[in-house]
Structure formats: C-alpha cells, structure tokens
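Engineer: In this text, residue positions in the sequence shown follow the working numbering: the first is 221, and each later residue adds one.
Please note: incorrect hints may appear among the correct ones.
[As the list claims (entries may be wrong)] Within a straight-line C-alpha distance of at most 25 Å, the following computed SDA-like cross-link-like pairs (lysine to any residue) qualify:
hint	residue 1	residue 2
1	249	308
2	279	230
3	279	255
4	294	370
5	279	239
6	324	357
7	249	358
8	279	291
9	357	336
10	324	365
11	294	343
12	249	226
13	294	346
14	357	332
15	324	346
16	294	226
17	279	261
18	357	287
19	279	308
20	279	326
21	249	287
22	279	346
23	324	366
24	357	346
25	249	261
26	279	262
27	294	308
28	279	366
29	357	231
30	294	230
31	279	336
32	294	227
33	294	374
34	357	261
35	324	227
36	294	347
37	294	315
38	324	293
It is worth saying that the hints were derived from the structure and are not from the lab. The model shown is predicted, which means the values in this text are computed figures rather than measured ones.
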Amino acid sequence: EAADAGLPYAVINQGVSGDTTARAHRRFKAALDEQPQILILALGANDGLGGVPVPQMRKNLEEMIEAAQARSIKVVLCGMEALPLYGWQYTIDFHQVFPALAAKYNVPLVPFLLNGVIGDPSLMSPDGVHPNAAGAKVLADNIWPYLLPVAQSFVRASV
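My request is simple: use the sequences and hints to build the entire structure.
Structural biologist: In structure tokens:
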C-alpha cells in the first residue's frame, strides 16, 4: 500500500516466527543497522503465551523504543493481548503495557494487531496460531491507518 499511496518506502521484515521480546531485543541492533526511518514494533504474543513476566516484556519493549528514538527512527507500536492462561491479573497487566508505552514515548498505537484475524480459521495457517497470507493482509490493514500519517510526515518534511 505504500507504493499505492505514492510513498517511496521499502519494507524490511525482521520478524521471526516464535520470537519473544527478549529474542528480538538481542537481534535489535542489527535491525537498527539497516537504518530504517520507521519501525513497526509488533511483539509480545509469544511473551504472553509463555507467561514471560510483564515487567520483563515491558523493559524489552522500552529499550527497543528508546534505541530507535535515539536514532530518530519513528516507532509504530502494535498492541497485543495475552490469553488468560496465567490468570486475569497477568492478562490485565499485559494489556496495559501497550497503551502505557505509547503514551510514555508518544508513539502511535495499533490497539490490537490481531483484530479481525484471531478466531477466524479462514485467516489462520493450519497451525491455528499464525495468520496465513489473507490474515497477513488483514494485519497490514490494521497497521496502515497508524503507519500512513507517520510515513507521510517524512514525505512532507522532505518537500
């Protein structure tokens, strides 16, 4: 959609299936070395499935946002939810991380990345956990309204 919108961007996917915020954090410097202008930070699902302590997940996300912003990289944060596998308090605490970080770092927040995908078998791969190609399109559509203004801000700034 970036090309359709007349935006001169290439997308580099640094995502790894099954990644937690900790594993992504360890690979993060290499992603920053690609010198992106915009970072879409879409992590947390596997932390929630594995019961990673919420403060640890939050710290990993904070450090990635701070590192990106220190390099003047714009961040779009994608919210995630945790199933109530570890109790309701864990689920609530997990949910609150994303809006709190968006507010703290003044970054756009996609409220729930998997909105419209989770629970729809036609949008999921046979493993029932990951989106298929049609599901990935819905994810992109979920991100686009939050990403577009950020991307347009660079184009306007360079005119």
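Engineer: Verify the proposed pairing of residue 294 with residue 343, using a straight-line Cα cut of 25 Å.
Structural biologist: 29 Å, violated
Engineer: Starting from residue 294, check that the Cα of residue 346 is at most 25 Å away, please.
Structural biologist: Not OK: residue 294 and residue 346 at ~34 Å, beyond 25 Å, violated.
Engineer: Within a Cα-Cα threshold of 25 Å, do residue 324 and residue 365 meet the stated pairing?
Structural biologist: 21 Å, holds
Engineer: Given the hint that residue 279 pairs with residue 346, does the C-alpha gap stay at or below 25 Å?
Structural biologist: 33 Å, violated
Engineer: Run the distance test for residue 294 versus residue 347: straight-line Cα separation, threshold 25 Å.
Structural biologist: 33 Å, violated
Engineer: Hinted pair, alpha-carbon criterion (25 Å max): residue 294, residue 227. Please report holds or violated.
Structural biologist: 16 Å, holds
Engineer: Keeping to a limit of 25 Å between CA atoms, is the pair of residue 324 and residue 366 held or broken?
Structural biologist: 17 Å, holds
Engineer: Starting from residue 279, check that the Cα of residue 291 is at most 25 Å away, please.
Structural biologist: Holds, at about 19 Å.
Engineer: Holds or violated: residue 294 with residue 315, Cα cutoff 25 Å?
Structural biologist: 22 Å, holds
Engineer: Is residue 357 within 25 Å of residue 332, Cα to Cα?
Structural biologist: 15 Å, holds
Engineer: Does residue 249 pair with residue 308 here, judged by a C-alpha cut-off of 25 Å?
Structural biologist: 34 Å, violated
Engineer: Is the straight-line distance between the alpha-carbon of residue 357 and that of residue 261 25 Å or less?
Structural biologist: 17 Å, holds
Checked against the numbered hints above, the structure violates hints 1, 2, 6, 7, 11, 12, 13, 15, 18, 22, 27, 31, 35 and 36; every other hint is satisfied.
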